[in-house]
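Take these sequences, add in the hints, and give me the full structure.
Order-wise, the sequence lines are chains A and B. Under UniProt numbering, think of the first position of the first sequence as 1, with each following residue one higher. Under UniProt numbering, think of the first position of the second sequence as 1, with each following residue one higher.
Rather than coming from a laboratory, the hints here were simulated on the basis of the structure. Incorrect hints may have been included.
[Said to hold, decoys possible] In silico DMTMM-like cross-links for lysine to aspartate or glutamate, where the CA-CA straight-line distance does not exceed 25 Å:
1. K9/A - D359/B
2. K50/B - D24/B
3. K50/B - D172/A
[Said to hold, decoys possible] Covered by chain A, per the in silico footprint, the following chain B stretches (three or more residues, Cβ under 8 Å):
4. 6-12
5. 129-141
6. 228-242
7. 321-331
8. 343-354
Predicted model only: the values in this text are computed from it and were never measured. Each residue gets a CB set at the ideal place from its N, CA and C atoms; glycine is no exception.
Here's the letter readout for the chains.
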Amino acid sequence: MSGTLDRTKLLAARYRAAIDRPYLATALFSITVVESARVPTMGVDRRWRCYVSPAFVARTPVPELAAVWIHEVAHLLRDHHGRATRLPPGTGDDHYRVNVAQDCEINDDLVADRLPLPADRVEPRTYGLRAGLVFEKYLQLLPKEVRSVDCGSGAHGVDRPWEHDDPGGVSDVEAEAIRRDTARQLRSRGDVPGGWRRWADQLLESKVDWRRQLAGAVREAVAWASGAVDYAYQRPSRRSAALRGVILPSLRRPVPRVAIVVDTSGSMGEPELAAALAEVAAVLRVVGVGGNRTTVLACDAAVQVTRSVYSAADVQLAGGGGTDLRVGVAEALRSRPHVVIVLTDGFTPWPDAPLERTRLIAGLIGAQAPEPPGWITAVRVDPTLQ
Amino acid sequence: MSALDGADALIAATRAHRTEPSADPRVEALALAVSANLPVLLWGEPGIGKSATLQQLATGLGLPMETVIASVHEPSDFAGLPIVGDSPATDGVPMAPPDWAVRLARTGSGLVFFDELSSAPPAVQAALLRVVLERRVGSLQLPDPVRVVAAANPPTSAADGWHLAPPLANRFVHLQWTHDPRTVARGLAGTWPAVTVPTVRPERARTSLARARGALAGFLTARPGLTHHLPEDAESRGGAWPSPRTWEMVLRLLTFHYSARTSTSALALAVAGAVGPGAGMEFVSYLENLDLPDPERVLADPSAFELPGRGDRQLAFLTAVIAAVQAEATRPRWEAGWVVLQKAVDAGVPDVAARAAADLAALREPQWPVPATVDAFIDVLSLSGRLPG
Ligand SMILES: [Zn+2]
Numbered sequence: 001m002s003g004t005l006d007r008t009k010l011l012a013a014r015y016r017a018a019i020d021r022p023y024l025a026t027a028l029f030s031i032t033v034v035e036s037a038r039v040p041t042m043g044v045d046r047r048w049r050c051y052v053s054p055a056f057v058a059r060t061p062v063p064e065l066a067a068v069w070i071h072e073v074a075h076l077l078r079d080h081h082g083r084a085t086r087l088p089p090g091t092g093d094d095h096y097r098v099n100v101a102q103d104c105e106i107n108d109d110l111v112a113d114r115l116p117l118p119a120d121r122v123e124p125r126t127y128g129l130r131a132g133l134v135f136e137k138y139l140q141l142l143p144k145e146v147r148s149v150d151c152g153s154g155a156h157g158v159d160r161p162w163e164h165d166d167p168g169g170v171s172d173v174e175a176e177a178i179r180r181d182t183a184r185q186l187r188s189r190g191d192v193p194g195g196w197r198r199w200a201d202q203l204l205e206s207k208v209d210w211r212r213q214l215a216g217a218v219r220e221a222v223a224w225a226s227g228a229v230d231y232a233y234q235r236p237s238r239r240s241a242a243l244r245g246v247i248l249p250s251l252r253r254p255v256p257r258v259a260i261v262v263d264t265s266g267s268m269g270e271p272e273l274a275a276a277l278a279e280v281a282a283v284l285r286v287v288g289v290g291g292n293r294t295t296v297l298a299c300d301a302a303v304q305v306t307r308s309v310y311s312a313a314d315v316q317l318a319g320g321g322g323t324d325l326r327v328g329v330a331e332a333l334r335s336r337p338h339v340v341i342v343l344t345d346g347f348t349p350w351p352d353a354p355l356e357r358t359r360l361i362a363g364l365i366g367a368q369a370p371e372p373p374g375w376i377t378a379v380r381v382d383p384t385l386q
Numbered sequence: 001m002s003a004l005d006g007a008d009a010l011i012a013a014t015r016a017h018r019t020e021p022s023a024d025p026r027v028e029a030l031a032l033a034v035s036a037n038l039p040v041l042l043w044g045e046p047g048i049g050k051s052a053t054l055q056q057l058a059t060g061l062g063l064p065m066e067t068v069i070a071s072v073h074e075p076s077d078f079a080g081l082p083i084v085g086d087s088p089a090t091d092g093v094p095m096a097p098p099d100w101a102v103r104l105a106r107t108g109s110g111l112v113f114f115d116e117l118s119s120a121p122p123a124v125q126a127a128l129l130r131v132v133l134e135r136r137v138g139s140l141q142l143p144d145p146v147r148v149v150a151a152a153n154p155p156t157s158a159a160d161g162w163h164l165a166p167p168l169a170n171r172f173v174h175l176q177w178t179h180d181p182r183t184v185a186r187g188l189a190g191t192w193p194a195v196t197v198p199t200v201r202p203e204r205a206r207t208s209l210a211r212a213r214g215a216l217a218g219f220l221t222a223r224p225g226l227t228h229h230l231p232e233d234a235e236s237r238g239g240a241w242p243s244p245r246t247w248e249m250v251l252r253l254l255t256f257h258y259s260a261r262t263s264t265s266a267l268a269l270a271v272a273g274a275v276g277p278g279a280g281m282e283f284v285s286y287l288e289n290l291d292l293p294d295p296e297r298v299l300a301d302p303s304a305f306e307l308p309g310r311g312d313r314q315l316a317f318l319t320a321v322i323a324a325v326q327a328e329a330t331r332p333r334w335e336a337g338w339v340v341l342q343k344a345v346d347a348g349v350p351d352v353a354a355r356a357a358a359d360l361a362a363l364r365e366p367q368w369p370v371p372a373t374v375d376a377f378i379d380v381l382s383l384s385g386r387l388p389g
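Pasting the structure below:
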């Protein structure tokens with residue numbers, strides 16, 4: 001069945017969506033409607049154009065159409081196409097599969113919000129998965145064979161034959177402004193579903209992944225340590241002989257020493273500790289601090305073990321209380337490190353004053369970890385952020 | 001003809017490329033910041049067409065370009081080399097500047113590109129940043145018209161990601177330099193996007209500056225918390241964040257934007273590159289709202305205005321117009337309101353104006369005749385199942 005688009009019905013549905021969920025009005029009305037006989041139902045592109053099948057509009061009741069509008073705008077607000085391009089290589093090759101994972105991320109919230117989505121929707125339940133995850137996670141969890149869903153390049157990021165190529169519509173920058181505006185409206189209301197609220201919080205607080213924070217703190221400390229002395233005019237450089245009258249500096253670039261102190265007592269979870277250690281190890285490797293420049297100490301009431309090679313498996317979590325990390329830090333300072341990285345649940349006394357020639361970084365594991373003194377660079381290792 | 005002549009001709013052919021006009025706001029933002037003579041730091045993986053783009057930009061601006069690959073240099077290449085003369089005690093020890101700096105000083109203008117900044121040893125970086133910030137190379141002062149662009153790998157890059165100290169980060173316009181794979185594919189096929197150089201119109205200079213100052217003052221008065229905000233985490237501190245220094249950079253960007261009429265997207269990227277994405281986006285939204293037509297003026301002459309192009313701004317504008325009618329509901333204003341709403345119908349988006357229409361209809365006094373425009377909204381409202389009582 002074909003025919004011309006019942007634009008009034010389609011826009012009445014958008015109006016219904018915007019009136020029922022006013023926090024989405026800005027985003028919904030930013031979408032441009034494009035009639036298309038080739039799009040299966042409705043689909044969006046990267047520039048916030050919505051391609052609409054006249055047949056789909058004709059056969060779908062207004063309340064369902066309104067729910068589909070919200071579904072489409074959710075792809076755009078959640079920047080699904082941007083995130084799809086950042087998937088690890090090899091994982092996003094099947095764009096239908098990516099699209100199904102994205103629909104799972106969207107639809108669980110919409111169903112919980114009692115929106116009457118069409119009966120052939122996919123949601124986490126369809127595949128026996130739990131609700132509330134991000135699409136990157138669903139992509140890993142989905143079974144091999146999934147339905148082929150196509151919400152357009154605005155979702156999975158791959159151009160579709162029915163989409164326009166011209167640069168009209170909403171630009172990336174405008175899209176970001178619309179997202180922030182929507183997030184702010186969401187946060188100022190009480191009647192918002194949890195999924196949307198989490199999205200808004202994450203967008204506005206720009207919660208940085210703890211891995212990046214921890215890596216950033218370690219890099220910064222190492223850069224500081226290795227920048228202390230590098231080029232010097234003290235010894236003549238080999239180039240000097242060739243240039244009369246010119247004094248050339250010579251390169252002295254110390255590789256910093258790093259000590260890692262692991263709090264083995266308390267309430268730390270093994271997986272979080274392993275993840276934090278792995279992250280620290282990876283950063284140190286990248287910045288060129290090898291195993292021979294690194295010391296690892298496992299510490300509870302008294303320092304039990306000292307190792308010069310580390311891996312997560314080597315650290316035994318002893319459990320029980322009574323940590324005093326000052327003992328561990330003092331022990332670590334004997335190797336004269338430039339940087340000390342402490343991984344702890346935070347329930348410990350800390351040294352009274354900044355260390356003289358050493359930077360101290362604390363990786364705080366567990367949501368309840370108390371804040372260390374201000375002179376310590378603290379990073380919260382938050383297991384809920386993957 | 002020697003064997004190598006053929007080879008060289010072939011190599012020259014692979015380098016030759018055409019350009020096509022493009023609306024890449026990232027390139028435009030770069031051109032805007034460089035024109036405004038603000039130091040730019042491009043964050044991106046190596047080898048994604050930074051040099052080619054900068055060369056085009058330099059050519060467009062009529063500037064000679066000097067490329068200095070930081071990672072293969074020593075600090076002396078930026079700080080200058082001490083030269084001991086016959087009597088250093090009386091003459092002092094001058095620092096001899098490197099050749100590229102001498103060339104720039106002689107020409108009096110140019111674009112200097114420091115590539116691979118993050119791969120250089122710390123002392124090289126420190127010396128180089130001194131060039132950027134103090135515009136000094138050894139004993140030589142870089143002329144004011146010389147533009148400076150540097151490139152570094154992002155902190156998350158596996159190769160040699162890098163952190164900039166917050167005070168230094170605060171001196172740059174930070175631009176993310178990633179290329180759309182499609183652009184690269186097209187470029188390798190022989191066509192790269194052309195760089196459009198913003199043309200500053202001198203006759204607009206004065207009003208542009210006044211307008212920019214007014215907008216900035218208005219925004220920072222409304223959002224004083226954004227005047228200075230050092231981010232919590234190390235990574236963000238090494239990027240763009242709001243401070244009086246970076247807002248001053250925004251003032252210059254905005255002045256250039258007004259006087260050269262660059263696109264809003266380019267301005268938004270450049271502003272976000274100076275004060276960070278959060279503050280930058282808020283500022284740009286604020287500017288967009290400033291640009292909405294004044295409801296009172298529109299109601300006074302409803303035939304002469306233009307409906308904003310994007311739905312969200314249409315909504316904001318129509319809401320403001322109806323609020324103005326509600327504040328003073330006379331028959332001429334009420335009727336003018338309907339003329340305004342008719343524009344939304346003509347634009348094919350009656351749903352954007354439907355709520356405004358319902359609100360306007362509710363203000364009707366019994367003796368006022370119902371305008372024909374109402375019909376366009378009745379269908380949308382009743383079909384939606386949300387027709388107000
Ligand atoms: Zn979808």
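Do the hints match the structure? See the list:
no.	hint	result
1	K9/A - D359/B	holds (21 Å)
2	K50/B - D24/B	holds (14 Å)
3	K50/B - D172/A	holds (21 Å)
4	6-12	violated (count 0)
5	129-141	violated (count 0)
6	228-242	holds (count 5)
7	321-331	violated (count 0)
8	343-354	holds (count 6)
Violation of the numbered hints given earlier is confined to hints 4, 5 and 7; the remaining hints are satisfied by the structure.
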